[in-house]
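If you want the building blocks of each chain, they are given just below.
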Amino acid sequence: MKFRVERDVLADAVAWTARTLPVRPSVPVLAGMLLDAGEHDGRQRLRLSSFDYEVSAQVAVDIDVEEPGTTLVSGRLLAEITRNLPPQTVEISTDGAKVVVSCGSAKFTLLTLPVEDYPTLPAMPEMTGTVGSDVFAAAVSQVAVAAGRDDTLPMLTGVRIEIEGDKVTLASTDRYRLAVRELTWKPQDPELSAVALVPAKTLADTAKSLTSGAEVSIALSAAESGEGMIGFSGGGRRTTTRLLEGDFPKYRALLPDSFNSVAEVQKAEFVEAVKRVSLVAERNTPLRLAFADGRLVLEAGTGDEAQAVEVLEAGLEGDDIQIAFNSAFLLDGLNAIDSDIARLQFTTSTKPAIITGKPADDGGASDYRYLIMPVRLSG
Amino acid sequence: MRGAVTASGIEPLDLTTVSDEDCPILHIDMDAFFAGVEELKHPWARGRPVIVGGTGGRGVVASANYAARRFGVHSAMPMSRALRACPDAVVFPPDGASYRRVSAAVMDILRSVTPEVEPLSLDEAFLDVSGARRRLGGPVRVATLIRERIRTEQRLTCSVGVASTKFVAKLASTHCKPDGLLFVPARHVRAFLHPLPLGALWGVGDKTEQTLARLGLRTIGDVAATPPETLRRELGVALGDRLAALSQGRDERRVVTDAPDKSIGAEETFAEDVADAGRIGRELLRLSEKVARRLRATGQVGRTVVVKLRRDDFTTITRSRTLPDYTDVGREISATARSLYAAAGLDGARLRLVGVRVEGLRAAAGVHRQLALDEPESGWRDAERVMDLVARRFGPAALRPAVLAERDEDDV
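For the protein sequence lines, the chains are A and B, in the order given.
The first sequence begins at 15 in our numbering and counts up one residue at a time.
The second sequence begins at 9 in our numbering and counts up one residue at a time.
Just chain B, with the same shape it has in the complex (with noise of 0.2 Å):
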């Protein structure tokens, strides 16, 4: 479903005339994310129904694609009842490092969006865009965006709440899968949340939904409906305060970003394979710069600089070098990138994709720094420091080393 909650109920999205500006939070979702992931590992699985999960005596459910999910199969239910209720289905175990690896460059496509984002789990995400406007345009454009190359580059498919608020963003995520869209305007998210059941607000288990419905009240709308010191009464100060401000659409809940991250990359699939060494060389330094930029906004460091390499043929190689001293530079990380690439023995390979990993972080408040004798007092840190500024406002395009520059018909 792609959409917009309007007066009327949801209607068919309007990208030139949708005013979301003051609805900057973004829910990622990904649709079956297991299964998606292993129906990619197993093109042969794909149309049939898949689930994943434990196949042992006790087994659930861990997740199901959706045609499997047509037969009632759902997550934690146990392996052995969706077995009878769709013995057609293709069963895997699952694969936490594949599922982490597809799940670290989901990631990285988003904070390429922004640095804003805060991952709930391996498939779910929170993100802040206000920040990206300049240079995608409002949230819903962005969201399109992220949509368009998690489909493109990692062949899955994800569903997107556009809202005012975390509580809300969710909300919408769930109510447009598998692969939607649902922006929920501030304006009409009364109208939005008033009709869903009470188990749709968040904090709301078994037991309270069951306090709730003795007092009679059965949707959202009803609790919005009901006075404050009433909820106070029957569940206590702070859960009575929560679900008539949640129930009002208020949710104060900022993105936060502070979990720390084991390793920061970003990756680029070709749009036609590449052979020649210069471009390679050239697309290591930008995604290196990105990589750098990204460290310093989250104010890491990182001392392991990591290559992957896919040829043509997929099969895929990963080099890595463990530097002498932590760093958050782009000449640093894209010096390091380019000698393993020429050290992998791929020399005139034509490559599908290339991405660029920087682990073992740290923040960098924590870090001494071993001064070099060659190092001016102001050096390419303190200019990539600059390039930050201008980015932030211009957009990573705006200012970047002169190689990756596109040459316009008007230069001279």
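Just chain A, same shape as in the assembly (with noise of 0.2 Å):
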């Protein structure tokens, strides 16, 4: 094997490719990455793949092969020393059981992994339709902040996809609050109807690596071909992620539908309060807010301890209300908004509350949700 290629080009699909490497491979030939020079899809490309079993990753780059041939080498090294190259062009061969990288004045020589011994990537399931790439990054990275990280309950884990025609619903929850994003994709089959529950932390990854092309091309495999998997490509990247399994909760039962109060407060100046109020919160202990008269009392602390308070302006419509939040569950739901001014619905103070964006025409509905459930106060 030999040829030649970019700094630039090889560094950035190395490092991209790297990203899936499993940090401690089950079997050390999932450490490496394999590089496939030669001809594919009519042209002479470089294919750099990663896998853990899990996760697939793989990228095609130009180049120019003067030999074709395939190897494995550690993937981690390899991203390492592409990422420090000089800006010029890199020739990589083999020699023997080893495989020298050289470009400039610069000469490395690495060891070689079992070719043989590398397991096949599965196969990209069929494609089932197509959405902007930046439109999918916003709502994955929306959807992905309320998943759980509490791999004892692995289907909360996940972000659920579900697809009706040109209509994508994403959901997430941890069992605290929930987050809902609606969007619309470009399907193959327009009366396609389709669930898939994908590890939450891999698609946010996946969906902010493939902002490079356009479009992201989902794949989806059809439930009846055995084990759930789904892929991802753009921009000559693709990338395959096996499904969680488990019975995702019937979260739709979950958002209410009326409300006693609405109050609507401009975000920025939300987000700076509870930061700086909850600077005395300690852990666990809530931030209170009181909504009436046009005004919102922000609070946090007690007697005993360090007590902070802000007031801030907020338009309120219904009754009064006192409710008290977890923070970092607060903020996570004022950050994921896309709007100036935040909206906040109410029922009770223990009855979960929904922040949306104030919709640009204000009879329109916001295509994302964040429920948060309050914290009961003791006494």
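It is worth saying that the hints were derived from the structure and are not from the lab.
Each hint should be verified, as a subset may be incorrect.
[Said to hold, decoys possible] Quick list of simulated restraints, FRET-style, between CB atoms: (1) 182(B) to 165(A): 33 to 41 Å; (2) 394(B) to 261(A): 26 to 34 Å; (3) 394(B) to 289(A): 41 to 49 Å; (4) 266(A) to 138(B): 28 to 36 Å; (5) 316(A) to 62(B): 41 to 49 Å; (6) 38(A) to 157(B): 42 to 50 Å; (7) 20(B) to 296(A): 54 to 62 Å; (8) 390(B) to 266(A): 24 to 32 Å; (9) 207(B) to 322(A): 28 to 36 Å; (10) 215(B) to 322(A): 37 to 45 Å; (11) 68(A) to 161(B): 42 to 50 Å.
Ideal Cβ placement from N, Cα and C applies to all residues, glycine included.
Take the two lone chains and join them into the complex the hints point to.
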């Protein structure tokens, strides 16, 4: 194997592929990155792959192939090296059981891992539809924030993707909050109806890393074809992820449809005030909000500890309300809305509240909803 | 010594005729506690004189077993003198961590009898067992049961005094040491007290003893026969009144349990080692329910669940997880405990003992609770509170999770 490639192109591709390398590989070959130089799709290309049996990543870049071939080297080391090479043409070639990377006056010799032991990457499922890459990345990050991190409840560590024709709904919850985002996409089959539960962290990383192309193709394996898998591709990059199993909560029933109070607050001011006041809130002590008379009073701490209070202007329709939240959960919701004005809808102080952005036209519904459970104050 | 005080001195106990309704106070005192723990850690030292204490130039004896005491060794004695009296003694430096661990296990046994436990130190506690009658029987029976459990589960002996007041119960346990049980019926309190020396009175130190000796008083009976005015004049109102009351066997102090716990736990040593994961899971559920019941009874909630697993070769591992929120719900504790067991990689290993402990305690009244989306308006917490009410009347076995129910031959 022997080929030449520009340093920036190589470094980008290697860095992206290396993201999914396992930190503690269950078998040593999984620490490797597979380099395959040759004719792919009628062009001279280098294909880089990584795989840990959960997530696979593959990227193809144009190169000049002198001698086609395949090799497996330590992915972390290759990523470190390519990131630090001078901005010149890189030549990579095999020399017996070694790989030589030369660039300018620098030359590295790397050991190889046995290619024949490397697992075959899963085939990409058939393309199901496409969505704008920026819209997708934004939507996923809005929802993934509410996903659980507790591996003992695996179904809560995922983002549920529901597809009904050209409508996609993303949802996740950790039992204390629930984020739901609706968006439109272009399905291959306008009648398509499908669901998938994708690990939230992987999905968020993937969506963010696929914004180099204008669109992302989503490929969902049919449920009956064995193990569930979802693939994403765009800008020459493709990645697959195993789906999570388990029953996602029936979240639509949890979204209240009537409210006793609706408040509106300037988001930036609100976020700053929450951060300040919660400085005195110890772990597990809540932030208390009181909406009345066109004002929002934020308070934290009690008589036995440090206390803080801050007052903001706030619009209020309906009943006065006093309610307490975990301040980190509240901040996650406020930061996720896509509007300068936060709208908060309440029923009672022990029922879920909903945070949305104020829609551009007043009658319209928001495509993003963040439901947050309050903290019940003792005594 | 095991016995009961009667009009004609101390006689052997007859559990069938004992009338102990008005004597619900127990004083439990571990026998030579530190030395006993060291003997367990170092079986080769068993039967030999064992002394625990500082070995430096000014070291003093913290504890000595009965073999050492026969040579006149007692606690607070300088180590150098103790070793002159008993040169063959095995000396161990104090190992606080071990003593605390065993003490916690002993206190757990006491708290499984009643939540009314007042620990005085690592090796001593008062109990008020009035509430355990329906479930376990009268105070003397409960005392017998506690001694039996401490002996089989911790392989240590203790002495228990049973009386109507804390003061008399404590004197009784001292009187019957080691490995004893002494029941002082309320009507024989004076007969028991009056021959005892003044020093046995709670609050009488050297100085007070000298003052009383000047008045010609040598026994508790002498104090009881002295007019209260005289005692007040000589000792001041507070102490004078107190000694007058104590010498008559009156002691109004109640068993107070408000000392905050650092943790609450329960453990079970299987009669035979168990490898079956299903059975171990059920035992973890049972222990979790027990711990949760005690958390609720004492108005506490905790955040960290600790599981203790001891293999048949005595190697012990503990695993813990801190929950996102404080809890006193058995369901939540047992779910965590079982997942810790599942993750410990002891599947199929033969276990001798399992334990569940909740740490990071605080008063339930001071804890705000993050509500969860899928939490019904009334959930497990409320169900378990109802179980508490039932358990208070009919004992913890009356109502429990179905998987813990034992099948009866009559069940269809």
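Evaluated hints:
Range check, residue 182(B) to residue 165(A): Cβ separation about 54 Å, and the 33 to 41 Å hint is violated. Between residue 394(B) and residue 261(A) the beta carbon distance is about 29 Å. The supplied range of 26 to 34 Å therefore holds. Separation of residue 394(B) from residue 289(A) is about 43 Å and conforms to the stated range, judged on CB atoms against 41 to 49 Å. Distance hint for residue 266(A) and residue 138(B): a CB-CB separation of about 54 Å, inconsistent with the stated range 28 to 36 Å.
Checking the proposed 41 to 49 Å range against residue 316(A) and residue 62(B) shows it holds: the Cβ atoms sit about 45 Å from each other. Separated by about 45 Å at the C-beta atoms, residue 38(A) and residue 157(B) satisfy the suggested range of 42 to 50 Å. Take residue 20(B) and residue 296(A): their Cβ atoms lie about 59 Å apart, and the range 54 to 62 Å holds. Range check, residue 390(B) to residue 266(A): Cβ separation about 27 Å, and the 24 to 32 Å hint holds.
As the Cβ distance of residue 207(B) to residue 322(A) is approximately 58 Å, the hint placing it in 28 to 36 Å is violated. At roughly 54 Å, the beta carbons of residue 215(B) and residue 322(A) sit outside the given window of 37 to 45 Å. Separation of residue 68(A) from residue 161(B) is about 46 Å and conforms to the stated range, judged on CB atoms against 42 to 50 Å.
Comparing the model with each earlier hint shows violations of hints 1, 4, 9 and 10; every other hint is respected.
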